[in-house]
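Read off the chains here:
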Amino acid sequence: MALYKLQINGRSYQADVEPDTPLLWVLRDNLGLVGTKYGCGIAQCGACTVHINGEATRSCVMPVSAIGTSKVVTIEGLSAEGTHPVQQAWDEVDVAQCGYCQAGQIMTAAAFLKKNPKPNNDEIDAAMSGNICRCGTYHRIREAVKVASTKPAK
Amino acid sequence: MSILPNTNRRDFMKLAASAGGGLLLGFNWLSANATPAVVDEAAAAAGNLDFNSYLSIATDGTITILSPNPEVGQGIKTAFPIIVAEELDVDWTKVKVVQAPLDTQKFERQVAGGSGSIPHSWDRLRQAGATARLMLVEAAANRWKVPASEITTDKGVVMHKGSNRKLSYGELAQDAAKLTAPKDVKLKDTKDYKLIGQSIKNVDNKPILTGQPLFGIDFHREGMLYAMVQHPSAFGMKIKSVDASAAKAMPGIVDVVQFKNNVAVVGKSTWQVKKAREALKIEYEKDGDLESTSDHNRIFSQLMDSPNATVRRKDGDVEAAFKKAAKVVKSEYQCPFLPHSPMEPMNFFAHVRPDGVELVGPTQTPERARNETAKLLGISPDKVTVEMTRMGGGFGRRLAADYVLDAVEVSNLVKAPVKMIWTREDDMTGGNYRPAVRYRFEAALDAQGNMIGYKLRGVGINAGNPTREDNFPSGAVDNLLIDSFDHKSPITTGPWRAPITNFLAFAEQSFLDEVAMAAGKDPVQFRLDLLEKAKKSPAGEVKYDVDRMIAVTKLAAEKAGWGKKKGVHQGFSLYFSHRSYVAQIGEVAMLKGKPVIKKIYAAADCGVVINQSGARQQIMGGIVDGMGHAMYGNMTFKNGAPEQANFNTYKLIKLNEIPEIEVFFVDNGIAPTGLGEPALPPTGAAIANALFKATNKRLRNQPFVEEDAYKSII
Ligand code: FES
Ligand code: FES
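Here the protein sequences come in this chain order: P and S. Under this note's numbering, the final residue of the first sequence carries the number 177; numbering is consecutive throughout. Under this note's numbering, the final residue of the second sequence carries the number 715; numbering is consecutive throughout.
Misleading hints may appear alongside valid ones.
What the hints assert, rightly or not - Taking CB as the label site, the calculated pair distances span: (1) ILE65(P) x ASN640(S): 23 to 33 Å; (2) GLU104(P) x LYS187(S): 41 to 51 Å; (3) ASP43(P) x SER234(S): 35 to 45 Å.
Hint data in this document are derived by calculation from the structure and do not stem from the laboratory. Even for Gly, the Cβ is constructed at its ideal location relative to N, Cα and C.
Take these sequences, add in the hints, and give me the full structure.
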C-alpha cells in the first residue's frame, strides 16, 4: 500500500492503495466517484473514460502510480451542474437508453471536441467508434456530438 | 376524512406523508377497473393504510408518481408517468418520478421482460390520472358553486370560463383529498392527447449525464465488503480441491469462502479481491458432459433426421402436399450461443442479518430475487426486501437470479453486508446464454407457385421449444407441420432479448424469401398473398392480427419505395412478436464491387405510441442490436469452456458500423403494446435478403462474418 495524492476535478484527494490499482477502482471504491463506469477492464469498451491532462484516457488500465501530478477530470467534474455543451447536447438529443455507457461517451466526445471543435461526420465516427453502447444509441450519439459542436465552447 | 367505505383494506398502500400536505391518491393495480381511494395525510403518516400505488399532488403543485417497474433502458420509468400525467392534465415539468421498491402485493407485476409492462398497466395508469383529475374538478366546482361540467383543466390548472376563475391543482389538493373518489371515470379520446405521442426525454437524464450514483454497481453502504466469485472453469466441471492460502494472505482480503461449486474472495476493495482471486489454486474434475461447439453441430445433424420429434402444430396433410408438389424448397439455418453482455456486469448488494435480508441492485425480476433468496436461506419471503436500482441494460440476463444468490450466499457466510461484482469475464462466461439452434425448413409449391405445404423442424441446445408454432406463416398454409427436439446440455441458457424469435425470425423470413424466389414472386407480394389467404380461408387457428401484418408490410414498402429504386438492393422482413408488428426493409448498395448495408426502414405497429423519443430509441436500438449480433455475435465452447470472455474476442457492433435507420409508426389508436423486443427479430433477414438481392449469396448461419457465403462477398 502507498499513499497517493491525486488532483481530480480541481480538488485534492488522497488514496491509500496498491500501486497497480487502476484509477477506475480508486475513483469508484476509494473516492466515491462512481460516475466513471466499469465495462470490460481491458480498454475495449470506453465506459471508464476520464480526462488526464485533457486526454481521453481509459482509467481501467491506468495504474494509480502512473498519474503523479496529472490533472484528472471525471464526469462529475466536467461541469458543476451538467451544463457542459456535450452534456446539454446529450440531454437535448435524449441519447441515453440504459445510460450506463454514457459517461464514457460524453468524456470521449468532450475531449475530442476540445481538439476538433468543428468536426465532419467521418471525424465524429472515427472518434466515437471506440466506445461500445450495448443499447445501440449510436445514431443519437453521432447527432449529439454534432449538436454539441454548434454550441459555444466552455 | 376516511377511506372509502367500499374499499377493501388490503388494497391500500402505506403512504408517507408528503411535504406540505395535499392529495394522495392510491389506486389498485390488481384490476383495471378497481376503485381509487383517497386518504388524508394524518392517516397516511400514522402508517396504517395500505395502498396499491399512488400519485400525490402537493400544495405547491408538485406531482409525484411512483413507477413500480424495473428500469433497464426500455424507458418505462418515463413512459408510465406520461400516461398518468396525460389523464391528469398536468404540466409535465412539475412531475417527479420515484422508483418504487418491490411489493407485488401492491404493484402486482414488477417485471422488465416480454415487452409486457405497457400492455399490463395501460388501463390502470390512465384510470389513476383521470380519477385524480375528476376529484380536482369536483373540488373546484364545490368551491365556485358551478356545475363540474362547465369546468376544464389544462397543465395543472382548473378553469371556469363563465366566471373567468382559475385555481392550480396544488391549491385544490387539500379540498380534493376530502372527496370520495368517483367510480365511473371517463378517459380521454386518443385525439385529445397532449402528452402521449409527444417526444419526452428520459426522466433520469440529469443523473445519468452528470454521473450520479444510479446503477446497482454504484451502490455503497458504509462498512460493506466487496466480493468476487470464482465459478467453475467449464460447464460440466466441479471443484475437486481449493487452496486459498495465497489468496487469503493478500492485502485487504477478509475471507475466502466456498459454496456449491464456487469460491468467493471477500475483501476491502474490488481490485484487491480481483487480484486475490487470481491467486486461488482450484482443481476441477469432470461432473458431466464437456461439450464443444463441434459436438453441438453433430447433435444438430443427428436430431434433424431423428423420428419422434415433439409435434408443435399440425394442419392438414403435409406429406400428401409434398408428394404432389411441383417444386420443393429446403434449407437449414443455424445460430450460436450468445451472452447478453449488458454494459453493467452482474452485481448485487446483499446483507443477510438474523432478522432478514436486504437486497439492493439491478434486477428485471425483483420478485424472483426475493423468492429464490428466501428459498435458499429457508426463510419466509416477507423477510426479504428488494430495492431496485436503474440497470445498465439487461437483455434478459437479469431475469435470472443466479448472481443475486451469489451475493446472498457470500453475505450469509461472512455475516456482513457485501457488494458482489462479476467481472466482464465472469459475466460472459457465466452462462444463461441465448441457446444455439438449428432449423430446417421445407416448402412445397404447386405449379402456380402457391405454398401448399410447409415444414419446420427446430433443434435446440437447452432451448425448450425453439419454434413459435402459431406465428406466421402458420394459418396461411393448409398443410403444415412444426416439430422440435431439445438437447439437454450442462451449458446453461435463458431468455435473451426476444427469446427464440431473435433468430427464428431471421431463419423464417430468409426462408420465405427463398420460397418467393423459387415461386418467381415478389417477396412482398408473396407475403401479402399468404396473409390474404390467412384472412380469407385460414388454416387452423390464426393467432396474429392479419390486418395489422398487412398494414405494416404496406407501410414499410411505401416508405422505402419498394421495387422502385435504382442503385440499391432491397430486402424485406416481417415479424410479429411480443404483441407488436414490425416490418423492415434493408438496403444494400454495391461500392467498388462490395455490398454495403446503407439503410434500414422500419414500420411498426405497437398501437398508441406513448413517447416518440423513447419508442424510436427502442426501435433503433433493437435494429442495431439485431444487426450487431447477426453480424458478429459468436460464443463457442471447447470441452465445456467458453472460448470468448471479453470484448477483445467477442465483438459488439460499433458506431461506425451502423446503417441509417428510419422509423415509421402505424397510427391506429389501438391500446399500446411493448417495444423492448419486437424491432429486433426482423432485422437479420431484412439485411440478409437485401444482401442476397445484391450478391446472389444466401446467408443462412449467424454470425455472418463467419459464413463462407459472407466472406465471399466482402
Ligand atoms: S472498462 Fe475501461 S475500457 Fe472498458
Ligand atoms: S445506453 Fe445502455 S449501454 Fe449505452
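Verification of the supplied hints:
A beta carbon spacing of about 24 Å between ILE65(P) and ASN640(S) agrees with the range 23 to 33 Å that was offered as a hint. At roughly 43 Å, the beta-carbon separation of GLU104(P) and LYS187(S) lies within the given 41 to 51 Å, and the hint holds. At roughly 25 Å, the beta-carbon separation of ASP43(P) and SER234(S) lies outside the given 35 to 45 Å, and the hint is violated.
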